[in-house]
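Residue numbers (the working numbering), protein chains in the order written: chain A, 1 to 198; chain B, 1 to 198; chain C, 1 to 206; chain D, 1 to 206.
Any given hint could turn out to be false.
Unchecked claim - Derived BS3-like pairs (lysine-lysine); straight-line CA-CA distance at most 25 Å:
hint : chain 1 : residue 1 : chain 2 : residue 2
1    : C       : Lys93     : A       : Lys91
2    : C       : Lys146    : D       : Lys182
3    : C       : Lys146    : C       : Lys93
4    : B       : Lys25     : D       : Lys182
5    : B       : Lys91     : B       : Lys121
Quick caveat, the hints were computed from the structure, so don't treat them as lab data.
All values reported here derive from a predicted model rather than from experimental measurement.
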Amino acid sequence: MSGDHSHLSEMDVRVRALKSLLVEKGYVTEDAIDAIVDYYRDEVGPMNGARVVARAWADPAFEARLLENATAAIAELEIGGRAGEHMVALKNTPTVHHMVVCTLCSCYPWPVLGLPPTWYKTPAYRAKVVADPRGVLDDFGVTLPPDVRIDVFDSTAEVRYLVIPMRPEGTDGWDEARLANLVTRDAMIGTALATAPA
Amino acid sequence: MSGDHSHLSEMDVRVRALKSLLVEKGYVTEDAIDAIVDYYRDEVGPMNGARVVARAWADPAFEARLLENATAAIAELEIGGRAGEHMVALKNTPTVHHMVVCTLCSCYPWPVLGLPPTWYKTPAYRAKVVADPRGVLDDFGVTLPPDVRIDVFDSTAEVRYLVIPMRPEGTDGWDEARLANLVTRDAMIGTALATAPA
Amino acid sequence: MNGPQDVGGAHGFGPVVPEPNEPVFHDDWETLAFALSILMGPCGFWSIDRSRYFRETLPHPDYYTLTYYGIWLEALERLVADVGIHERTPPPKRVLRGAEVRPTLAAGFPYDRPGPAPRFGVGAAVRVRPMNPAHHNRAPRYLRGKTGWVTRVHGIHVFPDTSAQNAGEAPTALYTIAFDAKDLWGEDTTAGRVHADLFEPYLDAV
Amino acid sequence: MNGPQDVGGAHGFGPVVPEPNEPVFHDDWETLAFALSILMGPCGFWSIDRSRYFRETLPHPDYYTLTYYGIWLEALERLVADVGIHERTPPPKRVLRGAEVRPTLAAGFPYDRPGPAPRFGVGAAVRVRPMNPAHHNRAPRYLRGKTGWVTRVHGIHVFPDTSAQNAGEAPTALYTIAFDAKDLWGEDTTAGRVHADLFEPYLDAV
């Protein structure tokens with residue numbers, strides 16, 4: 001996590017050298033690089049997952065399909081793809097809260113959440129959450145009642161997990177677009193709750 | 001394990017500052033520093049353990065006492081002290097070979113072996129020997145027959161272990177001083193065998 | 001591979017510190033390291049499992065001080081060297097052109113395969129085998145030797161252990177296994193259950 | 001403390017590389033770091049267990065890149081700061097003068113104490129408790145949850161967990177426990193048995 005500028009420069013030199021080699025060999029093209037960066041910077045992100053969650057809150061039949069086969073249900077919203085080929089949705093309840101991690105690397109459901117935040121990939125999070133999820137919630141300023149059971153999902157294969165947070169009180173009759181504004185990235189990882197309406 | 005000179009200089013500066021503080025506070029004296037360095041550099045080392053092993057080879061009654069109560073038997077040779085208060089001797093046989101490690105830090109039987117070599121304290125040795133002792137022996141150029149069982153002792157408390165290697169063939173009638181020349185440090189840790197007579 | 005990547009349950013890494021309003025990429029080199037890593041996938045020179053193996057074989061101090069895209073870059077350099085791309089130009093399986101990127105990534109790369117029927121059903125008690133392979137393996141150390149129960153059968157998936165060794169996909173059943181956190185950590189836990197996705201060769205019937 | 005020190009069974013640290021004709025100390029700073037660490041012991045400001053705790057709480061990258069005397073020096077600096085020696089001069093239990101060093105070190109500092117009788121005898125089957133305490137603890141991770149048998153009863157010793165926390169010596173029985181290496185590592189081992197010295201509070205009857 002060095003912020004040392006000479007270090008960054010070295011990384012810059014190295015990645016440019018690698019890019020030149022791979023472009024020269026014909027394995028990578030400039031327009032493909034631009035396309036992939038645009039895609040993950042602009043099109044794919046937590047707004048996708050928020051739409052899924054909002055629909056699940058608003059439509060019990062969709063929620064049932066999401067819990068039965070998340071990959072297919074998410075595809076109904078034309079969301080899917082790399083690192084989301086085998087999705088499972090985990091529904092939080094008043095008695096069970098879910099948290100997702102990849103202790104062995106950085107597995108994360110890209111199509112619904114975008115690329116993972118740095119903290120998700122740190123040894124700090126990966127080490128702590130499987131043994132002390134309440135300690136992690138404390139790091140995020142979140143406290144759950146002691147009788148809530150916390151279930152942690154370690155993404156050790158190609159299955160990817162989306163947490164469906166509990167729908168906040170005071171949102172009866174809200175449409176999906178309005179509900180989606182309450183659904184943060186962290187709420188869909190399990191390190192936060194859905195935002196309460198202002 | 002950096003050999004970087006600026007790093008060593010930093011360590012030198014830091015340890016001198018600490019020494020000045022502790023001397024000034026009256027907790028440490030210059031003559032005590034000199035005495036401890038002399039003691040561990042010149043008086044305490046594998047030659048002590050070699051005397052113990054040679055006597056065990058030469059004197060079956062001593063060997064029996066060594067295996068029964070190693071601390072007391074070693075004290076007969078006026079050897080003992082810090083990091084050797086609770087000694088256990090492990091006798092290698094044609095069917096069982098012993099190896100000693102401290103996976104959690106650097107515990108080592110100082111009175112009989114002196115201060116540990118660097119490799120004994122490295123993560124490389126500590127990580128590998130408890131699962132793959134034959135791989136470690138291979139690193140040391142030692143091969144044991146496949147039917148020899150290798151027992152590893154992890155020094156996790158204040159008990160310290162001394163391996164009694166097998167007495168080499170062709171040493172009948174040797175006196176203790178001559179036998180002691182065959183007993184190396186590594187043979188008493190278990191990463192080597194006693195030296196065969198030339 | 002019981003390497004620097006296997007950190008579940010470790011102490012000493014400090015609290016989790018989220019970065020407010022974190023950008024998707026922090027630096028141009030991270031962006032490029034990411035894009036190159038993804039685009040080399042379809043070329044078919046290595047599997048995702050092999051790329052993970054090359055990440056987890058970085059030295060511990062590097063693994064714990066680099067950013068994650070730094071880990072990716074180091075591994076990508078070593079993968080490229082491993083294939084011999086500096087010396088020769090092996091034919092790629094596929095090269096993604098700009099217009100193909102979006103539809104290809106949106107279609108994804110599924111890991112389910114035809115293969116032998118799963119041995120265990122939901123509710124079956126299973127024990128993760130005690131093991132310590134030096135090769136790539138996706139049974140985290142904190143679960144090895146522990147007993148849990150099947151909560152989901154995912155069908156048949158590519159087996160990472162062989163895939164990472166260029167030894168074939170060897171498709172095998174994949175399960176979600178639930179563990180009582182107290183069986184893992186004794187009293188030293190605030191978790192209720194811990195679930196992980198584990199492959200049939202990692203599991204024994206109890 | 002499941003920290004950087006708990007490396008038993010880990011991969012990725014490379015082969016063991018002995019140094020031929022290694023000197024006792026490589027540099028003057030190592031000599032001095034060693035001497036200061038030993039001489040501060042009799043002062044009584046911290047136990048050997050607490051000093052180990054201060055070593056194993058170093059950050060992972062530091063623990064894996066420093067020499068071992070570097071680890072000692074870092075810990076000693078932090079111990080001195082923890083006691084507040086920069087600000088005040090707490091009275092030492094004992095200060096070793098030059099002439100006292102040799103006889104004191106040759107006498108040693110035994111860790112056996114009077115205390116309650118051991119619960120287990122030689123041959124008893126015991127299981128190391130599943131646990132993951134954040135405090136200092138001397139049951140290595142690779143043995144937690146594993147079953148072995150008592151091969152030696154060492155009597156009653158200072159309990160490191162409490163001693164490291166300045167919570168008293170709490171003397172308790174110490175045993176050597178033998179484990180079949182296959183119970184620890186499955187087929188991935190060349191060891192026959194692995195033995196460790198474990199304290200009674202770490203053990204359950206089987």
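Here's how the hints hold up against the structure:
no., hint, in the structure
1, C:Lys93 x A:Lys91, "violated (40 Å)"
2, C:Lys146 x D:Lys182, "holds (15 Å)"
3, C:Lys146 x C:Lys93, "violated (40 Å)"
4, B:Lys25 x D:Lys182, "violated (53 Å)"
5, B:Lys91 x B:Lys121, "holds (23 Å)"
The structure is inconsistent with the numbered hints 1, 3 and 4, although it conforms to all the rest.
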